[in-house]
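Chemist: So the chains spell out like this:
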Amino acid sequence: MEAKKIVDALRQALIEEMERDENIVLLGEDIAVFGGGYRVTEGLLDMFGEERVKDTPISEIAITGAAIGAAMTGLRPVLEIQFNDFLACAMDQVCNQAAKVRFMLGGQVKIPLVIRAPVGATGRAAQHSQSLEAWFMHTPGLKVVFPSTPYDAKGLLKTAIRDDNPVMFFEHKLLYGAASPGGKAKTAVDDLNEAFKPAPEEDYTIPFGIADIKKSGNDVTVVATGFMVHRCIKAAQKLGEEGIDVEVIDPRTLVPLDKTTIIRSVEKTGRIVIVSEDVLTCGVASEISAVVAENALFYLDAPVKRVSVPDTPIPFAPVMEQAVLPQEEQIIQEIKSVVYRGI
Amino acid sequence: MEAKKIVDALRQALIEEMERDENIVLLGEDIAVFGGGYRVTEGLLDMFGEERVKDTPISEIAITGAAIGAAMTGLRPVLEIQFNDFLACAMDQVCNQAAKVRFMLGGQVKIPLVIRAPVGATGRAAQHSQSLEAWFMHTPGLKVVFPSTPYDAKGLLKTAIRDDNPVMFFEHKLLYGAASPGGKAKTAVDDLNEAFKPAPEEDYTIPFGIADIKKSGNDVTVVATGFMVHRCIKAAQKLGEEGIDVEVIDPRTLVPLDKTTIIRSVEKTGRIVIVSEDVLTCGVASEISAVVAENALFYLDAPVKRVSVPDTPIPFAPVMEQAVLPQEEQIIQEIKSVVYRGI
Amino acid sequence: MDKETALFMYKKMVQIRKFEEKLYQLFLTRPMPGSMHQYNGEEAVAVGVCAHLNKDDYVTSTHRGHGHCIAKGVEINGVMAEMFAKKTGCCKGMGGSMHIADFSVGMLGAIGIVGAGIPIAAGAGWTCKYRGKGQVSVAFFGDGAANEGAFHEGINLAAVWKLPVIFVCENNVYGFSTHYRRTMAIENIADRAAGYGIPGMVVDGMDVKEVYAESGKAVERARKGGGPTLLECKTYRFMGHSRFEKSAYRTKEELEEWKKRDPIKLFEEFLLKDMKLKRQELDEIGADVDREIEESVSFSERSPDPEPDDYKKYIFA
Amino acid sequence: MDKETALFMYKKMVQIRKFEEKLYQLFLTRPMPGSMHQYNGEEAVAVGVCAHLNKDDYVTSTHRGHGHCIAKGVEINGVMAEMFAKKTGCCKGMGGSMHIADFSVGMLGAIGIVGAGIPIAAGAGWTCKYRGKGQVSVAFFGDGAANEGAFHEGINLAAVWKLPVIFVCENNVYGFSTHYRRTMAIENIADRAAGYGIPGMVVDGMDVKEVYAESGKAVERARKGGGPTLLECKTYRFMGHSRFEKSAYRTKEELEEWKKRDPIKLFEEFLLKDMKLKRQELDEIGADVDREIEESVSFSERSPDPEPDDYKKYIFA
Ligand SMILES: Cc1ncc(C[n+]2csc(CCOP(=O)(O)OP(=O)(O)O)c2C)c(N)n1
Ligand SMILES: Cc1ncc(C[n+]2csc(CCOP(=O)(O)OP(=O)(O)O)c2C)c(N)n1
Ligand SMILES: [Mg+2]
Ligand SMILES: [Mg+2]
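Chains as they are written, first to last, in this note's numbering: chain A, 18 to 360; chain B, 18 to 360; chain C, 241 to 557; chain D, 241 to 557.
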């Protein structure tokens with residue numbers, strides 16, 4: 018059956034890949050008996066047994082290290098970290114080991130390892146709301162993936178699993194379409210339009226490093242990631258009604274980054290707004306801005322605008338949380354500010 | 018006595034501050050009996066006793082956590098992490114705890130904590146050569162300091178110690194002027210000119226967020242950090258002989274970042290090259306580039322150029338290590354490329 | 241244990257229980273911000289330990305922190321208002337359920353990262369030792385947390401520095417969905433104490449008298465410079481891991497078995513039978529607490545929301 | 241122990257010793273890239289353990305890794321050339337002293353982050369168990385590493401998953417400059433095993449016979465599905481922590497005391513006295529090794545440097 022939610026698309030990808038290759042093993046906290054905090058691995062224990070679908074102690078160092086050791090010796094582990102914030106607990110293993118071992122060893126070894134982790138703010142305060150892609154973009158040796166639709170999620174996860182390098186695979190909580198543990202389903206998916214493309218029940222992969230133009234347009238380039246892709250599409254639709262033709266680019270993979278598509282778009286539009294849910298300084302948007310300032314400067318008719326979380330942890334109270342997250346209205350205003358600038 | 022080396026400047030700052038305030042305590046691996054991997058804390062155990070200068074187990078989580086707990090309850094710890102690469106082992110404590118506790122607790126507590134750590138590549142391969150400032154710039158709630166001279170080091174460390182927030186204090190190995198444990202003194206300080214300003218033996222502080230123009234000039238702005246400041250000054254001197262008048266700005270603190278000084282300079286020169294020793298993507302230079310592309314775009318006569326380590330871990334062999342680090346000649350070429358561009 | 245202490249502890253346990261029962265209802269019946277992890281069933285641990293603590297002793301807590309906060313003396317109004325994300329919350333709506341703190345009573349804060357509070361408590365213990373005034377510091381954490389690196393490093397540091405810290409492991413059988421026997425190959429977490437050279441003790445965490453007695457010894461030892469202790473309190477959570485989590489990974493029988501030893505019921509029996517208190521005395525305490533909780537709800541309802549940009553005040557001191 | 245094994249182990253120990261003595265000279269007499277941490281004094285540990293291992297068993301090592309590599313069977317030419325940062329180094333000049341590895345003999349690599357190899361070895365053990373072919377995995381690490389979170393988490397995971405891993409702690413008294421008694425409040429790190437529900441054993445790390453005997457049991461148990469073991473080998477490093485570090489933090493007397501139990505000397509005595517070998521046999525081995533080491537130096541000298549941009553090949557597979 019076609020997967021209309023990211024949670025189902027990911028599960029399909031896991032099942033299909035695990036059926037294909039018995040070296041693929043899953044591990045993580047509460048992924049087996051419970052089926053995962055966001056239900057991605059639900060039912061997989063029954064299908065593949067406890068040698069391949071393993072609950073772990075709450076030991077992010079050990080489970081990441083063990084996944085690395087297993088990957089170095091022939092398995093292909095897919096590790097779930099319950100919230101991406103907890104990657105901080107495994108940072109040495111991810112960034113000093115997984116990312117560097119092959120390099121330091123002169124290419125003797127491959128590390129076919131996928132680390133999946135949910136990102137995004139959903140009312141859980143500063144330690145459960147971050148979007149930490151940039152830390153890993155800043156760590157050579159890691160690939161960084163961040164899908165925004167079920168279609169992309171499935172195809173990219175399959176590519177990630179087949180890749181012989183460590184891949185950080187980020188999943189936005191509001192896009193799963195599934196409830197967090199014991200919670201009401203906090204989700205944004207019902208609200209999304211056809212841009213939230215379902216994943217067909219068939220074997221396909223999406224290559225890394227190819228951005229997807231989620232909506233084409235001529236007046237201004239918007240680069241967005243994850244949940245922000247959809248917020249930007251909505252903003253684009255509204256702006257369309259006002260006669261502003263927005264192009265929305267979803268890089269899908271941040272490492273490798275499809276600079277060409279972004280630069281071409283800016284060459285066409287002369288304007289760019291970058292929208293991401295991580296914090297501003299040294300973030301996703303900073304990098305994309307720098308790429309543009311280096312490669313497409315003379316095409317720019319307006320300053321490069323970043324719309325990210327200002328430099329603050331995420332506050333708990335909903336009114337404050339929403340104040341720091343990029344909102345549709347704010348995105349619209351920022352797009353307008355570059356469109357009307359320099360005309 | 019005036020301190021001609023950063024190692025001495027830092028030690029002076031520690032001694033003066035510890036004499037001033039008995040709540041200041043030091044901890045870290047091998048800092049007491051041994052005097053610190055780079056000798057910064059040499060002699061301090063004898064001066065202040067083992068209650069205030071503490072060797073620790075090799076336990077980066079615990080020593081960072083303990084420093085945070087102590088800071089929350091009234092002490093003012095200065096923690097040394099032996100190489101900044103090992104901050105990865107303490108990432109949760111630094112980024113999820115130290116940076117966020119005050120925020121999550123609605124301002125009930127102050128965290129007067131300084132974390133000192135050496136950065137830079139000196140022939141020790143991928144796990145001992147990184148410059149990880151950007152991870153911490155990307156973590157709201159932390160201040161980030163990176164001095165390039167004895168004068169700045171002393172004044173900034175005093176400010177850091179007196180600050181009521183967690184401060185990441187990065188020190189470049191080649192600028193200490195001291196030997197690493199048991200090693201030959203790998204140092205670049207003998208080679209530096211008067212820009213490597215000594216620290217007077219007196220009490221002074223340098224405010225955070227004020228960049229220092231290490232050399233003023235009119236043709237092109239160069240922003241550089243740490244050891245790269247000196248490499249850029251040398252490049253600037255050579256370019257001066259060719260009639261290119263380079264301005265070299267040392268931000269000194271990356272959080273807060275003195276955007277004004279950088280933007281003003283670009284408004285004047287119309288050209289900017291950013292030189293840093295961290296890796297390119299989502300790095301220090303990306304952020305500064307983005308600030309310029311957002312705030313000074315219409316002043317730019319050339320693309321914003323970043324000169325950083327390409328996206329690679331640091332290789333061991335000297336010939337390869339030097340190939341990935343920004344070299345004087347490369348800096349000169351990049352500066353020329355923006356100067357001759359668009360004229 | 242004198243009557244005053246007994247009644248104090250009883251009231252605290254009832255406060256925690258009723259506070260959370262109220263919260264459960266609130267989450268069912270109206271939109272509440274965030275989530276919560278309930279402490280029902282584990283009240284004897286927080287209360288038995290904190291009964292020994294002064295205001296200037298320190299406590300670090302976990303994602304399951306309401307009980308520790310109330311036991312340490314945080315005002316219920318402030319805790320409730322924080323659950324409502326109100327400006328009057330003890331953290332001004334900045335932290336919510338997982339980060340409740342009140343420095344005025346030494347509650348350094350609930351921490352949402354499993355295990356992370358352990359070394360922080362060690363650090364607070366360092367301050368205590370440095371000051372030399374006999375203060376102590378307590379870290380509460382779960383069975384799951386005992387497998388984190390932070391547990392190992394934090395306890396070892398406290399042990400070798402002989403810090404006045406009590407490490408209280410609440411072994412409630414599960415870390416989220418996972419039974420402790422599936423995350424460690426030992427039966428008693430307290431046995432890990434030997435690996436740090438400190439005393440370790442297994443305590444019946446459903447019996448507040450035993451918790452009180454054993455933690456009393458540990459606190460005393462710490463105050464006198466004897467260094468840290470690891471107390472493992474065997475307990476059970478009566479609710480799901482968080483909010484409405486259904487706990488399909490455990491059996492109804494197991495739950496019912498543990499509920500027979502409900503710490504409040506057990507203590508009531510003791511108070512009525514051994515301490516000869518009257519049912520009515522207890523009922524009055526219950527009624528007082530009910531009023532207090534109701535008042536905290538209306539306090540929260542009356543309280544203003546934070547301003548959207550209040551958060552800016554708290555990023556840096 | 242049969243004669244063949246004894247001579248094999250003797251030769252390995254001598255190889256390690258002479259390899260490092262040569263290196264020390266090289267570092268003194270010519271510009272060598274990077275730094276090094278010497279294993280002199282600890283040879284019995286690596287050799288005694290690795291004597292039980294097959295090529296397809298796995299080992300993770302530390303910053304002090306030359307001994308483990310040679311003991312596991314990495315070609316000396318490749319190790320030496322890596323020290324010279326040559327293209328012919330076993331890691332092509334990418335890693336140097338702290339990252340020597342050779343997958344063809346199951347040496348997964350020296351790792352420069354203290355403790356980090358422990359969970360990685362657990363992961364290799366997971367592969368062994370998954371394959372079910374009786375392979376095992378060994379993690380070497382120091383006394384200092386035993387205070388890292390990675391130690392705790394990694395061993396616990398291996399214990400609860402019953403992985404075929406031998407955790408070999410080389411307690412050489414110091415972690416860099418710091419005596420183990422100043423970093424932990426216990427005398428034997430092996431005692432920590434009980435906290436994970438696995439066997440722990442203290443071994444005389446200067447006596448290769450004892451290391452061989454005890455590690456043999458652990459390897460056997462692991463191969464048969466009996467799970468992990470923690471072996472603490474009491475040993476001592478005869479040189480500074482790294483390169484020319486002077487070790488002012490320890491006394492000459494302490495060093496001399498330990499040198500009396502030089503593992504190579506001890507083993508020679510055994511070979512000559514108990515196994516009735518002739519001095520000459522041993523001398524010949526020494527001479528062979530000398531030639532081998534000299535050859536590895538000239539191999540390294542003859543070898544080409546890497547190209548400046550060779551590193552690009554190794555960032556991604
Ligand atoms: C480092 C980290 N890993 C995982 C989590 C997700 N998580 C929150 S609570 C929990 C279970 C904790 O178990 P335990 O320590 O036994 O405490 P309990 O919930 O039983 O009180 C998990 C896995 C987390 N918050 N932090
Ligand atoms: C995580 C980490 N912290 C600190 C260091 C710096 N360091 C390198 S070796 C060493 C001492 C290690 O002691 P031990 O584990 O006993 O091994 P030994 O050197 O005695 O063989 C230290 C502190 C490191 N490499 N990694
Ligand atoms: Mg639990
Ligand atoms: Mg040691």
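Any given hint could be a false lead.
[What the hints assert, rightly or not] From the structure, some residues in chain B lie toward chain C, with a derived Cβ separation under 10 Å:
1. Thr81
2. Gly82
3. Leu122
Since the hints were derived computationally from the structure, they do not count as laboratory data. Heads up, the beta-carbon is just placed ideally off N, CA and C, and yes, glycines get one too.
Chemist: Against this structure, judge whether each hint is valid.
Modeler: Hint-by-hint comparison with the structure:
A hinted interface residue such as B/Thr81 counts as satisfied when its beta carbon comes closer than 10 Å to some beta carbon of chain C; here the least separation is about 7 Å, so the hint holds. At a threshold of 10 Å, the smallest CB-CB gap from B/Gly82 to chain C is about 3 Å, leaving the interface hint in force. At about 5 Å, the closest approach between the beta carbon of B/Leu122 and any beta carbon in chain C falls short of 10 Å, and the interface hint on this residue holds.
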